[in-house]
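Visitor: Here is what each chain is made of, one letter per residue.
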Amino acid sequence: MSSSADIHSVQALEGMRDSLQRVGSDTPQLLYAAEQEIRQTEEWLKKRLAYWQAEVERRQAAVRMAAGALARCQASGYTDEDGNYYPPSCGTEEQALAEYQQLLREAQRNLEEVQRWIARIGQAATRYRTQAQRTRQMLDSGLPQGVAYLGQKITELHVYLAGAAPVVTGGGGNVPSISPPASPPGNSSSPDPWVTGGLVGLAAVSGLVSSPSASGPPANLTSPGGGLPGSPPGSPVPQPIGAATPATSPPLAIPGGSPLALPAAVAAPYRYLKDPPSVAIGKDFTPKQHEVLCMANIQRHGGTYKSDDPSDPYQILHRPSKSMRGVTPPPDELQIDHITPKGKAPNSYANARIISRFWNRKKWDHDPPP
Amino acid sequence: MIPTTNPFPRRQDLWQGALLATIGQAINVAAMPDLANERSWDGPNYSRQDSQGTRGTITFLADRLVGVIRDDHSPRAPWHSGGPYRLDPLLAEMPADLRTLAEAEALQYVLDSWENLNGPIITTAFWSTGEFLAAADPWPVVVEHGGHLLEIELMEPAAAQVAIAADSEWSPSQLNLLRSLFDRKQQTPNGPVTLKDWELRALVASGTSGLAESQALLTAIGFVFP
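Quick mapping for you: the protein sequence lines, in order, are chains C and G. For what it's worth, this note's numbering labels the leading residue of the first sequence as 1, then goes sequentially. For what it's worth, this note's numbering labels the leading residue of the second sequence as 1, then goes sequentially.
A hint or two may mislead.
The calculated lysine to aspartate or glutamate pairs, modelled on EDC-like cross-linking and capped at a C-alpha distance of 20 Å, are [as the list claims (entries may be wrong)]:
1. 362(C) x 115(G)
2. 288(C) x 333(C)
3. 283(C) x 144(G)
One-sided and incomplete, this derived list gives chain G residues near chain C with beta-carbon spacing under 10 Å [as the list claims (entries may be wrong)]:
4. 35
5. 39
6. 54
7. 79
8. 149
9. 161
10. 163
The hints are simulated quantities; they were obtained by calculation from the structure and are not laboratory data. Note that this is a predicted model, so its numbers are computed, not measured. We put the CB at the ideal spot given by N, CA and C, even for glycine.
Same shape as in the complex, but just chain C (with noise of 0.2 Å):
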């Protein structure tokens, strides 16, 4: 690390993140909201359908019987015995039948106008889920990548900034170019010590790694003897900014440069969706929060509910029936299950992912299951 770096506004990197992850926690509910309003109004013209189609026979009947009552009397005309004829009247029956055509032919035009409807929404409709399933494919796939990664950058910028003690080296105009301290000997090619040391401090001084206990560091920064990953069992932790020697921290190596990982995000599927303000630790997700997330399950996978674990032996799964007598509920049916136990984390929904019965049980409060 041995060129300077002009360094702007982490601000703005800041307020692009933020506003990446509004777009990431708004657009599945807008999108759930105008899925619904949608099915709404096919449901809402299939029954207008339905209620015009049999109005319009119930009207052919109508009419049927009004011209059979008209040809009735025009039938009950006489002739005198001088061979006059006389007419019956038959307005009243005249005008029966007439209103009733009118009637009808207001039923017809009403059942066209419906599957005229029906075709334009339909056709609107299948437009606007194509946009959408792209639209969900892009948040599902590239905005989380990307919110990730600027949330990465960001803090090697800020582990930069405030651990590298900056010098001013002059830039610019009003925008000063910051340069880091020197490199420890030995050490150009291989990530710099001050950065990551500072990384794992601020990292869990910030939450953005999260530890599985107390005591020890992140699973995934750990080496199998317990120490950093290339380096020999039992060595020491990094520990946060101040609290060890840059000179002499062990290097983290790191496949592919990347300085942080991010293991509790990524195991969290459905981290984007906006939390209700009752989230709490120890409460079970809430009605609304199930709704939420099967949705969201479902959109995910193109119609199918599907485990969010890789390892759940069922893959597919359905939602739960209810409770019927003398039946026992099979195993691959959908459990929202907290990530980390419910006892310890909230609801949220970073913490919530959709697997089977059957491995929600196995799982009890282990993650992987036993």
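Given the structure of chain C, go ahead and fit chain G onto it with the hints provided.
Guide: What follows is chain G alone, placed relative to chain C:
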């Protein structure tokens, strides 16, 4: 709810809570039919699931009740305890007539299978002894091993109404509907209660896809649709 020194809930409070929660469920499923599994009635049997691993059934008779619950996460569940599963300790001291009732009704809704075991599997149970409930365990232990499933049902009604509305993210009109239906049910506990026009409109205001489920729930507790 009258303050009492008895740590066990009152039978009547649980009944009222079940009615209130059923009305809340009916309002929810009108627009969210996928939640229909969470509260249902089959004759005198009120079944509750949380879709998170806990389920139970209470059989309500006019003057008594018996309830059984299985919490899949309880250490008492055979898949966690490791030892042989025994139902009897959970039903210890249950009066014989209620034991018969439990075996014929409530326990039939909590069947499960585990290794060679096929039958009712529960992690806690309770029953009525006159005015109050009773169990083989102290009430906090009942709650720990599955009784938490009835949190809403055992709340004081006004608090339960607010909790249901908050958890379901309701509009004020949905909360008004809950209060109206519950109050009218209280006033006419044994007779049919016909939904008013505005109540029906409020019920379907946020969706009608689950109206049949909603209707089934309300009908089960004595409501009549106009």
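Visitor: Is the hint on residue 54(G) kept, meaning its closest Cβ partner in chain C is under 10 Å away?
Guide: holds (9 Å)
Visitor: Against chain C, with CB atoms and a cut of 10 Å, does the hint on residue 79(G) hold up?
Guide: Hint holds; residue 79(G) Cβ to chain C Cβ min 6 Å, cut 10 Å.
Visitor: Tell me if residue 149(G) is really an interface residue toward chain C, meaning its C-beta lies closer than 10 Å to one of theirs.
Guide: holds (9 Å)
Visitor: Between residue 288(C) and residue 333(C), does the CA-CA distance stay at or below 20 Å?
Guide: Answer holds: residue 288(C) to residue 333(C) is near 19 Å, not above 20 Å.
Visitor: Less than 10 Å between beta-carbons is the criterion; does residue 35(G) satisfy it with respect to chain C?
Guide: OK, holds: residue 35(G) within 10 Å of chain C, min 5 Å.
Visitor: Take a quick look at whether residue 283(C) and residue 144(G) sit within 20 Å of each other, Cα to Cα.
Guide: Holds. Residue 283(C) to residue 144(G) sits at ~13 Å (cutoff 20 Å).
Visitor: Holds or violated: is the Cβ of residue 161(G) closer than 10 Å to a Cβ in chain C?
Guide: violated (14 Å)
Visitor: Can you verify the interface hint for residue 39(G): is its Cβ closer than 10 Å to any Cβ in chain C?
Guide: The hint holds - residue 39(G) has a Cβ within 10 Å of chain C, the shortest such distance being about 9 Å.
Visitor: Does residue 362(C) pair with residue 115(G) here, judged by a C-alpha cut-off of 20 Å?
Guide: holds (13 Å)
Visitor: Checking hints one by one. Is residue 163(G) an interface residue toward chain C, by the C-beta closer than 10 Å rule?
Guide: Because about 9 Å separates residue 163(G) from the closest Cβ in chain C, which is inside the 10 Å limit, the hint holds.
Against the hints set out earlier in the document, a violation occurs for number 9 only.
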